[in-house]
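Work the whole structure out from these sequences, hints included.
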Amino acid sequence: MSRESLKKLSEKIVSTFGTNNIVCVLLHGSLLFNPHLIPQDVDLIIILKKKSSGDCLKLRELVIDLRMFELPIHLHLIYLEEIPTNADYFSIHTCGSFFVCHLRQAETLFGKNIFDVVNGPSDYHLQLSLLQKVQQYTFQLRNLIFKIEPISEKEIRQTRKRTIVVLKDLLMSQGSLIQEESEIFSQAAKYLYDFSPKELEFLQELLTEWTVPSSSKDTLNFLQQCLAIHEQVYSLMRQQVSENKKCRFFS
Amino acid sequence: MKNSILCLPITIPEKVKTGLVLTPFVVSAISKLTGLASVCCVNLTGHRYKNLEINQIAQRFENFQKLLYRLDSTINHYWFDNNNSHANRLQTYCEKLATDGELKVENSQIFICQCGAVEVLKDSLHSDWSMDYKVLYWKNEKAFCALCDMPLEPKDEACLILKSNFKKTNLNVLPLFYLKEIEKLRKDFNYPLLISRKKKGDRRISLFGKTWQLDTDFCWSLLFCSLIEDGFYPSAVVISNRSFKPLVWSLGISQKLFANLKDTTVIVTPFVKFESDESQHPNINNLKELVDRYGRLPTKLLVASGLKWNQKEVIVNSNFIFWALKASDNKALISRPIDDILSFPKIINTMDGNLINELITNLRRETSVSLSPYQSLLIERSI
Chain U
5 MSRESLKKLS
15 EKIVSTFGTN
25 NIVCVLLHGS
35 LLFNPHLIPQ
45 DVDLIIILKK
55 KSSGDCLKLR
65 ELVIDLRMFE
75 LPIHLHLIYL
85 EEIPTNADYF
95 SIHTCGSFFV
105 CHLRQAETLF
115 GKNIFDVVNG
125 PSDYHLQLSL
135 LQKVQQYTFQ
145 LRNLIFKIEP
155 ISEKEIRQTR
165 KRTIVVLKDL
175 LMSQGSLIQE
185 ESEIFSQAAK
195 YLYDFSPKEL
205 EFLQELLTEW
215 TVPSSSKDTL
225 NFLQQCLAIH
235 EQVYSLMRQQ
245 VSENKKCRFF
255 S
Chain B
27 MKNSILCLPI
37 TIPEKVKTGL
47 VLTPFVVSAI
57 SKLTGLASVC
67 CVNLTGHRYK
77 NLEINQIAQR
87 FENFQKLLYR
97 LDSTINHYWF
107 DNNNSHANRL
117 QTYCEKLATD
127 GELKVENSQI
137 FICQCGAVEV
147 LKDSLHSDWS
157 MDYKVLYWKN
167 EKAFCALCDM
177 PLEPKDEACL
187 ILKSNFKKTN
197 LNVLPLFYLK
207 EIEKLRKDFN
217 YPLLISRKKK
227 GDRRISLFGK
237 TWQLDTDFCW
247 SLLFCSLIED
257 GFYPSAVVIS
267 NRSFKPLVWS
277 LGISQKLFAN
287 LKDTTVIVTP
297 FVKFESDESQ
307 HPNINNLKEL
317 VDRYGRLPTK
327 LLVASGLKWN
337 QKEVIVNSNF
347 IFWALKASDN
357 KALISRPIDD
367 ILSFPKIINT
377 MDGNLINELI
387 TNLRRETSVS
397 LSPYQSLLIE
407 RSI
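So the protein lines, in turn, are chains U and B. Numbering follows the working numbering, with no gaps: position 138 of the first sequence is 142. Numbering follows the working numbering, with no gaps: position 123 of the second sequence is 149.
Wrong hints could be hidden among the right ones.
[To be verified] Derived Cβ-Cβ restraints for the label pairs, each shown as a range:
#1 U:184 <-> B:61: 37 to 47 Å
#2 U:161 <-> B:77: 48 to 58 Å
#3 U:61 <-> B:111: 48 to 58 Å
#4 B:255 <-> U:71: 50 to 60 Å
#5 U:9 <-> B:77: 30 to 40 Å
#6 U:203 <-> B:41: 25 to 35 Å
Hints were generated in silico from the structure; no laboratory data involved. Here a beta-carbon is modelled for each residue, glycine too, at the ideal position from N, C-alpha and C.
Dropping the structure here:
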């Protein structure tokens, strides 16, 4: 998506809700940080000052209108009163307080990025929220492999994306906020000492010459390899939380 | 003419260290407290941008400006050494210096390296006053350029030489204990300055029937003159205590052209190191990582805590961020109104890092804390 299209999109949102009512419109996600990835979508956060009963309907109409844009658009509507001054109390979907750090790196299409004036999160909540997210991704991937119905291309691509995302989360738990895929891999490599050469080779392939597996056997094999990465990362993060004496796991 | 407060030019690296924003941080805060216009000077030329495309240099500045904005250190005016109006004024400045007999052509022996980063008068080879001093090193009694690693070769050339003996006007220095050191440097500065360049130089002028390439440091050092012509009178300049030489040099050269450039207050910040334990992340000496990770207020408190004016060197440890974060969520705050005229010494006193440490302790303990105007400015939460 071009700069011009993004500008138009932001203008459309602003004219829908009015400049006085918008705190900010933020672009985040893969379009901003990894525009080469397929499938691509536009992740937007809209923060409004005041709540009005018709806001979701307005947004629905906007989404219908926005079909003219070449990419699917994911909008999140948040009201200013819903944003805590302490990041420890913030979450969106599977993402807990760590997501505030991610949103500070977003591109501000309109207004001022409110997340810069949110404090934190504390180290405890950052670690906890990252662990929970990797936990959810790992469990969901297991479910996908159990699934008897055919696995869609979208699910396969999402798994590939998430395999890199869990590495990003691992890095974030170590204090590095990196968004660019190739840098994530090179930085994460030092933490992947338990990975076999085969697993590392697989990760490298994911970044460079990966294509969607064609047969169901290849698909299952691919998902298994992705699961191994998820599990390794999950294990490393559990270990980290245990070392900090914040939680104990059964062994 | 607007009275202004400025910082000496900053060269922007790829990753902005926390300490680098200390002077613009002070400039912005004092500007907000006094109503003086805030000016941040930026060097966009010089060997530290070697091999970078114009758009990459522009991107560095954009990122730097964004970081200051994210810290709420807004700046009213940015001055650039590559600004066209400044570049156009260099010809007039040099003509005036030549008319006044300050600038002369002399056949001199210069020492020059292969890449052109070092060009120095023979007489200044052993002087740490030469701006090339930082990129020069000695091996077996021979001078080398640290950038191309090649020995300097002597050459006899016609050069533009500037008299240094700078006018000794009174300086107001804060904290006062730096005054002696700065005055001594001004007194000792008595070397001829080579301002023409054979190899490297972004700006050209015509003088004495010849075209000359000018030294980059000479070009930016005329910033005070250029700012006055842009309508900003430098009432105060904020420098780090590692920047006395550039201050003496630039103020001295500018005063040759603008005799009325006086009564400028020099505010000297301590040298602040932001140290992280190796095991701790993110690195508190990487400003972007710091703001991304903790947000604006804890970062502002961390930077502000380093301004312990009575110390020459301050170390801010990463543990501080933990307490800053804890203090950042105090809900009951009472602001103290601005009730008197703020002078520079008074402002500096209220901006002391020890008071920030005290504030953090109070914020953690008390339900309500009274804030000085500066503290109100730091803690301001509206968007």
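Quick rundown of the hints versus the structure:
no.	hint	result
1	U:184 <-> B:61: 37 to 47 Å	holds (43 Å)
2	U:161 <-> B:77: 48 to 58 Å	violated (38 Å)
3	U:61 <-> B:111: 48 to 58 Å	holds (53 Å)
4	B:255 <-> U:71: 50 to 60 Å	holds (55 Å)
5	U:9 <-> B:77: 30 to 40 Å	holds (33 Å)
6	U:203 <-> B:41: 25 to 35 Å	holds (31 Å)
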